[in-house]
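Undergrad: Residue strings, one per chain:
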Amino acid sequence: MNLTLRIWRQKGPEDKGQMVTYQVPDVSPDMSFLEMLDVLNERLILDGEEPVAFDHDCREGICGMCSLMINGEAHGPQRGTTACQLHMRQFKDGDTIDIEPWRARAFPVVKDLVVNRNAFDKIIAAGGYVTAPTGSAPEAHSVPVPKADADAAFESAACIGCGACVAACPNGSGMLFTAAKITQLSLLPQGQPERYTRVIGMVDAHDEAGFGGCTNIGECAAACPKGIPLNTIGRLNRDFLKATSKRAGTPGS
Amino acid sequence: MDLYTEGEPIADTRAPDGPIETRWERHRFEMKLVNPANRRKMTVIVVGTGLAGGSAAATLAEQGYHVKSYCYQDSPRRAHSIAAQGGINAAKNYRNDGDSVHRLFYDTVKGGDFRSRESNVHRLAEVSVNIIDQCVAQGVPFAREYGGLLDTRSFGGAQVQRTFYARGQTGQQLLLGAYQALERQIGLGNVEMNSRHEMLELVIVDGRARGIVVRDLVTGEISTEMADAVVLASGGYGNVFYLSTNAKGCNVTASWRAHRKGAYFANPCYTQIHPTCIPVSGDHQSKLTLMSESLRNDGRVWVPKAKGDQRAPRDIPEDERDYYLERIYPSFGNLVPRDIASRAAKNVCDEGRGVGPGGLGVYLDFADAINRLGRKAIEAKYGNLFEMYERITGEDPYEVPMRIYPAVHYTMGGLWVDYDLQSSIPGLFVIGEANFSDHGANRLGASALMQGLADGYFVLPNTLANYLASGPLEKVDASHPEAVAARTEVEDRLQRLLAINGDRTVDSFHRELGQIMWEHCGMERTEAGLRKAIDEIRTLRDEFWQRVRVPGDGEGLNQSLEKAGRVADFFELAELMCIDALHREESCGGHFRAEHQTPDGEAQRDDDRFAYVAAWEYAGTGQPVLHKEDLKFEYVHPTQRSYK
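Sequences listed follow chains X and Y, in order. Under our numbering, the residues of the first sequence are numbered 1 to 253, in order. Under our numbering, the residues of the second sequence are numbered 1001 to 1644, in order.
Treat the hints loosely; a few may be bogus.
Unchecked claim - Ranges of calculated distance between the beta carbons of each label pair, as one might list FRET restraints: (1) Y/GLY1502 - X/GLY234: 33 to 41 angstroms; (2) Y/GLN1604 - X/GLY72: 54 to 62 angstroms; (3) Y/PRO1426 - X/GLY210: 25 to 33 angstroms; (4) Y/ASP1553 - X/THR244: 45 to 53 angstroms; (5) Y/LYS1041 - X/HIS141: 34 to 42 angstroms; (6) Y/GLY1189 - X/GLY234: 31 to 39 angstroms; (7) X/GLY80 - Y/GLN1159: 30 to 38 angstroms; (8) X/ASP26 - Y/LEU1540: 21 to 29 angstroms; (9) Y/GLN1159 - X/ASP151: 40 to 48 angstroms; (10) X/GLY72 - Y/LYS1041: 52 to 60 angstroms; (11) X/LYS147 - Y/GLU1555: 49 to 57 angstroms.
Claimed, not checked - Under the rule of at most 27 angstroms between Cα atoms (straight-line distance), these lysine-lysine pairs were calculated in the DSSO-like manner: (12) Y/LYS1376 - Y/LYS1041; (13) Y/LYS1261 - Y/LYS1475; (14) Y/LYS1376 - X/LYS147; (15) X/LYS11 - X/LYS147; (16) Y/LYS1041 - X/LYS122; (17) Y/LYS1644 - Y/LYS1261.
To be verified - Computed footprint of chain X on chain Y; a stretch qualifies when at least three of its residues, placed anywhere within it, have a C-beta under 8 angstroms from a C-beta of chain X: (18) 1057-1067; (19) 1274-1284; (20) 1498-1507.
For the record, the hints were derived by calculation from the structure and aren't laboratory data. Just so it is clear, CB atoms sit at the ideal spot from N, CA and C, and this is done for glycine as well.
Assemble the whole structure, with the sequences as input and the hints as a guide.
TA: Structure below.
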């Protein structure tokens, strides 16, 4: 099939940037979306132009590096699918496809379709862990975890940190990402001791990084390639309320 | 042979002796410690943030060292360990099915086709149990039974169920555990994290590894970072084949630069071809996707009995199908080790019985398992893998059997290290897939995660202390002449790549190199093929340096420049792999020389001549020097592996 691509080109963080149109002929339906971009880039290089910069690594939907807004949808039209796993059989001959970077205040553009997502790491560093220095762990079977809790924790832990939730949110909020980690750890017995300091630390880091507030629109969960459910945010809010009422930090309160 | 020279034999002088069960314990006691107050004054560089690098950086920082960590991805959470699907082995014996540290040790030595070190493997089996404890304490959501205890499953090469897992995303969950421990240390100021940075050179001062030269991939800035020791956790080199299950960015550059500076490269020809990957669909293919080995627990592998049978799989009656793994290997059946399953697939395809486009595929069929357990149970176990398969191929594996074919997946070879995980350069430690030490000629499934975390959490933090305790080392900074020279080398090389301005892209060279390697240094190797490959690699490498086009400049993000440097190093490694494969005139594990096979087509080892580690010293491209380290087997007697 033959496609028309309109791609966001931006030389660097200071550049204004613009959409540029490219024709890509002979696209096979078995190609992945990124392989289609590879084909374009190979041609651009031979034509003496700069190839389009885009983030990608594992190309199997798990590393979370790819981050393309395709026709205004984070990761494109197929639900539960990252851009790298999207295949061209989802498109048809003659289509025009718009490709843009994630757009959010907390994710500044580095170049073309590449953005800086360090803000996510800062949220994790502010509490998205269990303090368990190497060597200090008790025997794994000393604390049984109900299967339902372990399964639900896994569901939230499946987040790949791609940032589609932020890109899809009209407020540029990172609440789904934050809530996924909060939910995972608060469902497990190992996460209990730090449960309330964690939620305050992570929410504060989220706000400081320039993410917008959550107004329960739900675009995040619809865009999430891993199906992180919206109710994780409800769980975060409950823990946050409880935590702020405990903020005095009195043990046992 | 004219392709290499042989140097002095080497030995692992750090390897302890005595009863194998107490070697690690005794060695740990005998090693020196660093006083906590002194740790704060010491800096350790860790390159790579996968399971090995992430866990090492976090643990070293917890112990009080100042750590500088580097990764080429935009976040340490994205290292390719994240893509490991199936699970992690540990000798917990929670199933009461006869498992033990000794059995895991035995299975791993045997699985590696008797080409690994007994002491290392025993230590790995010992610490495997601590890994599970550690990860559970971090909140890793492993699969559990209804009683709340951990679930396990079977994996290839073992008859016990010792593989712990988190659905089909075990690597992701373990890596996020290590990443979170690392982020905690970053938040506390104990680790200085440098993402989107790539190591391009090693700095050696007075014979010791003292720093690295890195390029900031966003600004293009080159800087020299100094430390008391350098740890490479930069992964394997499977991408030399272009098509592999590795992430696109995986590369050998950190290891290869260290090799050029004196670190021996061991057993480069030991590569693992994974039997269950989605077949290639066309010339545009940029990478291959693995379908977890755990699928072989319930999926049955078959091809039609008749050559060129074009019927749809469901139209082929039961008695016209050849479940060849079950037929040839009745006791392990579909769960034979990876090297054996891969070669069996190649053999049936070579016979003309392969399925799918080009006849390069075999069926992995779940119909029986779905009948037996119900679709729901299969969905719960493998749902995400089935979805992934459908997205890529457009076929529904609940209805139609999967088509699979072997693909390059893991590299057992890597930089040579001693028992302390120190390379032949003092102060340079190598952990995880980047070293060669534990898997011999073939790695068992679910053992990569085990080894990465064993090295990073439990082994390196002990052995590195022993090295640092011999200090303090003289203070050196980036103005040291050796550091300046290393930096200049990096800058010159980048300029040289940019200046060629030829008429072929980096990818076109990489693809062609990959084809040469797959053809001649892949699943089956011959002397004639390897000699041909070496000639072709040399010719293509010369052409690369004359005709490659790298657009743009070195100032700022330039993904073509990144790739060009990596491919240039792959060219040099590729030649060494072929030389290693050529010199090893036997078949073992993932290294199958067609000239050396048993009458029924199995790998024929030659223990008299080749029970050694081949450690290659760099002495100019195309002139490697071979050092042999003899392997001794005191506990597991080498036999012809049998999975029948």
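Undergrad: Run every hint past the structure and note whether it holds.
TA: To see whether the hints hold, each was checked on the structure:
{"no.": "1", "hint": "Y/GLY1502 - X/GLY234: 33 to 41 angstroms", "in the structure": "violated (58 angstroms)"}
{"no.": "2", "hint": "Y/GLN1604 - X/GLY72: 54 to 62 angstroms", "in the structure": "holds (60 angstroms)"}
{"no.": "3", "hint": "Y/PRO1426 - X/GLY210: 25 to 33 angstroms", "in the structure": "violated (46 angstroms)"}
{"no.": "4", "hint": "Y/ASP1553 - X/THR244: 45 to 53 angstroms", "in the structure": "holds (51 angstroms)"}
{"no.": "5", "hint": "Y/LYS1041 - X/HIS141: 34 to 42 angstroms", "in the structure": "holds (40 angstroms)"}
{"no.": "6", "hint": "Y/GLY1189 - X/GLY234: 31 to 39 angstroms", "in the structure": "holds (34 angstroms)"}
{"no.": "7", "hint": "X/GLY80 - Y/GLN1159: 30 to 38 angstroms", "in the structure": "holds (37 angstroms)"}
{"no.": "8", "hint": "X/ASP26 - Y/LEU1540: 21 to 29 angstroms", "in the structure": "holds (27 angstroms)"}
{"no.": "9", "hint": "Y/GLN1159 - X/ASP151: 40 to 48 angstroms", "in the structure": "violated (28 angstroms)"}
{"no.": "10", "hint": "X/GLY72 - Y/LYS1041: 52 to 60 angstroms", "in the structure": "holds (53 angstroms)"}
{"no.": "11", "hint": "X/LYS147 - Y/GLU1555: 49 to 57 angstroms", "in the structure": "holds (54 angstroms)"}
{"no.": "12", "hint": "Y/LYS1376 - Y/LYS1041", "in the structure": "violated (56 angstroms)"}
{"no.": "13", "hint": "Y/LYS1261 - Y/LYS1475", "in the structure": "holds (21 angstroms)"}
{"no.": "14", "hint": "Y/LYS1376 - X/LYS147", "in the structure": "holds (17 angstroms)"}
{"no.": "15", "hint": "X/LYS11 - X/LYS147", "in the structure": "violated (50 angstroms)"}
{"no.": "16", "hint": "Y/LYS1041 - X/LYS122", "in the structure": "holds (26 angstroms)"}
{"no.": "17", "hint": "Y/LYS1644 - Y/LYS1261", "in the structure": "violated (45 angstroms)"}
{"no.": "18", "hint": "1057-1067", "in the structure": "holds (count 3)"}
{"no.": "19", "hint": "1274-1284", "in the structure": "holds (count 3)"}
{"no.": "20", "hint": "1498-1507", "in the structure": "holds (count 3)"}
When each numbered hint is compared with the structure, violations occur for hints 1, 3, 9, 12, 15 and 17.
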